[in-house]
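One line per chain: the protein sequences are A and B, in this order.
The numbers in the numbering used here rise by one with no breaks, and the one at position 103 of the first sequence is 103.
The numbers in the numbering used here rise by one with no breaks, and the one at position 117 of the second sequence is 117.
Because the hints were derived from the structure by calculation, they are not lab data.
One or more hints might be untrue.
To be verified - Using C-beta positions, here's what the derived DEER-type ranges look like:
id	chain 1	residue 1	chain 2	residue 2	range
1	A	Asn69	B	Ser4	47 to 53 Å
2	A	Ile70	B	Thr19	40 to 46 Å
3	B	Thr19	A	Pro227	51 to 57 Å
4	A	Lys77	B	Ser289	35 to 41 Å
5	B	Tyr11	A	Asp78	22 to 28 Å
Ideal Cβ positions, reconstructed from N, Cα and C, are used throughout, including at glycine.
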Amino acid sequence: MPTIIKIENLKREFVVGSEIVRALKGVSYDIEQGEFVSIMGTSGSGKSTMLNILGCLDKPTSGEYYIDNIAVSKLSKDELAFVRNRKIGFVFQSYNLLPRTSALEQVELPLLYNKTISAKERRERAVYALEQVGLQERMGHMPNQLSGGQQQRVAIARAIVNDPVILLADEATGNLDTRTSYEIMSLFQKLHAEGKSIVFVTHEPDIAVFTSRTIMLRDGRVTKDVPVETKSAKEALDALPPSEDYN
Amino acid sequence: MNFSNLFKIAYQAILRNKTRSLLTMLGIIIGISSVIAMVSLGQSSSQNINDQISTMGTNLIMVSRAYQRKGGINMGNSNSQSLTVKDVELIKANCKNVAMISPSVSTSGQLVRGANNWPGTMQGGSPEYIEIRKYELERGTNFTENDIKEFRKVCIVGTTVVENLFDDGTDPIGQEIRFGNTPFKIIGVLASKGQNQMGQDQDDIVIAPYSTVMKRLLATQYLHMIYISAVSEDACDKAVEEITSTLMSSHKLKETDTPDFEVRTQAELLTMMNSVSGFLTVLLAAIASISLIVGGIGIMNIMYVTVTERTKEIGLRTAIGARSRDIMFQFLLESAMLSLVGGAIGIIFGLLLSYVISMALNWPFIISVSSVVISFVVCAATGIFFGWYPAKKAANLDPITALRYE
Ligand SMILES: Nc1ncnc2c1ncn2[C@@H]1O[C@H](COP(=O)(O)OP(=O)(O)O)[C@@H](O)[C@H]1O
Ligand SMILES: [Mg+2]
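Let's have the full structure, built from the sequences with the hints guiding it.
Here is the structure:
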């Protein structure tokens with residue numbers, strides 16, 4: 001499988017007043033196409049900083065980052081925006097849906113920033129993405145008419161609508177109860193099975209078991225990079241005691 | 001990023017917040033509609049004044065009695081006894097730039113015809129009075145020098161008087177009406193002239209020989225005014241000089257004395273009224289422009305708050321591939337669209353307002369295309385100018401901080 005992400009000795013330092021906070025202290029790894037990677041670590045270990053750099057929202061202080069063989073550190077701001085629009089799909093902990101905007105319009109949003117896509121194609125792809133996340137019945141719903149799990153599904157549809165090289169999720173199940181978390185993980189596993197490459201940031205070990213490789217961060221360094229014996233989220237869901245339903 | 005997508009993004013954002021959008025536009029709506037209404041009404045009123053004054057005749061010269069002072073006591077002008085029939089004769093004989101002249105005396109009283117009566121004004125004049133004041137005889141005849149010499153009780157009436165004293169279809173010519181206790185025979189009817197610029201009905205008039213009015217109604221030797229028509233518009237100023245010097249010598253006044261009469265031309269009146277209404281138009285437009293600026297600041301204010309409120313949205317748009325230029329244009333376009341739509345509504349309101357007011361005041365309704373075009377351009381410029389700062393602020397937000405913003 002071709003390498004889609006390659007990072008070499010990546011460092012990120014923040015200047016806070018007179019102090020320098022070293023969030024990443026030289027991180028290197030490759031991710032191949034079709035991988036489902038979890039990035040784990042305690043709070044403050046540098047996971048979000050890592051993901052923001054992978055998502056081209058932030059630039060490393062030093063080190064190299066290649067996505068799809070593009071050297072990101074050499075790109076201008078506008079070129080970074082282009083990479084985010086065409087090659088990356090973001091899923092956030094707090095969904096980040098626009099208020100008073102229908103599910104369909106939310107999902108169309110990334111394609112509005114791509115002028116090569118016609119209105120007709122935009123609509124078709126948004127509908128298809130919503131079908132993939134199982135929300136074909138909810139296209140006209142506003143965020144306040146959807147449950148947390150459904151809102152996160154809309155966000156996932158929005159992240160895959162541009163057919164990204166990599167799907168990035170930062171604590172995507174952090175706001176959800178166990179059952180809904182498993183449902184979302186089951187959806188990620190389905191997308192993975194269909195060929196999507198995914199980087200999933202989480203601090204919960206029982207979520208990381210649904211991925212196929214874990215990179216452990218501590219204090220801005222990789223302490224472990226191991227394959228995972230993947231558990232099926234669907235089976236875990238079936239095994240949940242019904243008593244948790246009320247949550 | 002093509003324009004139609006940007007447009008879609010901006011109007012979706014506007015529609016998402018209908019109430020706020022409407023409130024944002026309110027300032028612009030008020031600003032534009034008041035500018036349009038003020039300019040339109042200003043133009044209507046000066047057009048109206050011009051129309052009215054030109055129907056009165058631009059050659060018109062009016063001689064009236066001046067305030068009289070006796071031993072420092074202001075006697076007022078209505079008691080002044082300075083103008084006489086002899087003055088009229090002298091002007092007629094000496095002033096070659098004078099074409100027509102008519103003494104003027106008037107008194108008001110009750111007009112009675114059978115069971116009908118109507119409060120009216122009896123205007124005394126010479127046979128030339130009608131032409132000088134730009135009236136026209138619709139039917140019947142004018143009175144003559146003979147009628148004046150013999151103090152005949154004949155009169156010419158305006159249409160309002162006819163309507164109020166006679167039943168429909170009755171021919172007033174040859175009929176008799178009474179003014180107080182004095183009977184007058186109607187010999188002519190004036191064509192309708194409508195209202196003057198002060199809103200007075202010019203058809204509510206009865207004209208009779210001045211001698212009759214002076215002797216039989218007022219028992220006076222003195223005139224109230226003298227109406228004169230110069231030979232041409234250009235001759236007005238010369239005529240005024242001739243009249244002034246004739247009256248000065250007739251009243252035995254030295255050049256240094258204060259005249260006991262006033263000579264005014266219609267042209268002076270026109271200039272004066274135009275300058276007043278022109279000044280008012282500028283003043284009102286200036287006030288209205290201030291409200292337009294306030295409207296613009298309103299847009300800036302709300303857009304500025306909006307940017308803070310929509311920090312997360314801006315972060316998200318950046319994350320999914322919007323360039324800072326796209327964010328900037330979105331906010332700029334939002335404020336431009338708000339002010340243009342507000343401007344369009346304001347123009348409609350403004351036109352409606354000026355239409356209603358000019359109809360109510362019986363003024364001509366004038367839409368100045370330039371004021372509409374200028375307002376619209378000003379609107380767009382306001383939106384862009386006042387939208388610039390908030391848009392810049394939005395575009396410069398750091399996406400990571402923006403995404404974390406709660
Ligand atoms: N914008 C920033 N300015 C200063 N320090 C920051 C900034 N972002 C992150 N950090 C610091 O970098 C470290 C890693 O943060 P983060 O990547 O958010 O951790 P995690 O997502 O694993 O909880 C923390 O010590 C945090 O305080
Ligand atoms: Mg984090």
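Now the hints, each set against the structure:
In this structure the hint that Asn69 (chain A) and Ser4 (chain B) lie 47 to 53 Å apart at CB is violated, the actual value being about 33 Å. Checked against the hint of 40 to 46 Å, the C-beta distance between Ile70 (chain A) and Thr19 (chain B) comes to roughly 45 Å, which is consistent with it. In this structure, Thr19 (chain B) and Pro227 (chain A) meet the distance hint of 51 to 57 Å, their C-beta atoms being roughly 55 Å apart. At roughly 40 Å, the beta carbons of Lys77 (chain A) and Ser289 (chain B) sit within the given window of 35 to 41 Å.
Under the hint 22 to 28 Å, the C-beta atoms of Tyr11 (chain B) and Asp78 (chain A), about 24 Å apart, fit the expected range.
Consistency with the previously given hints fails for number 1 only.
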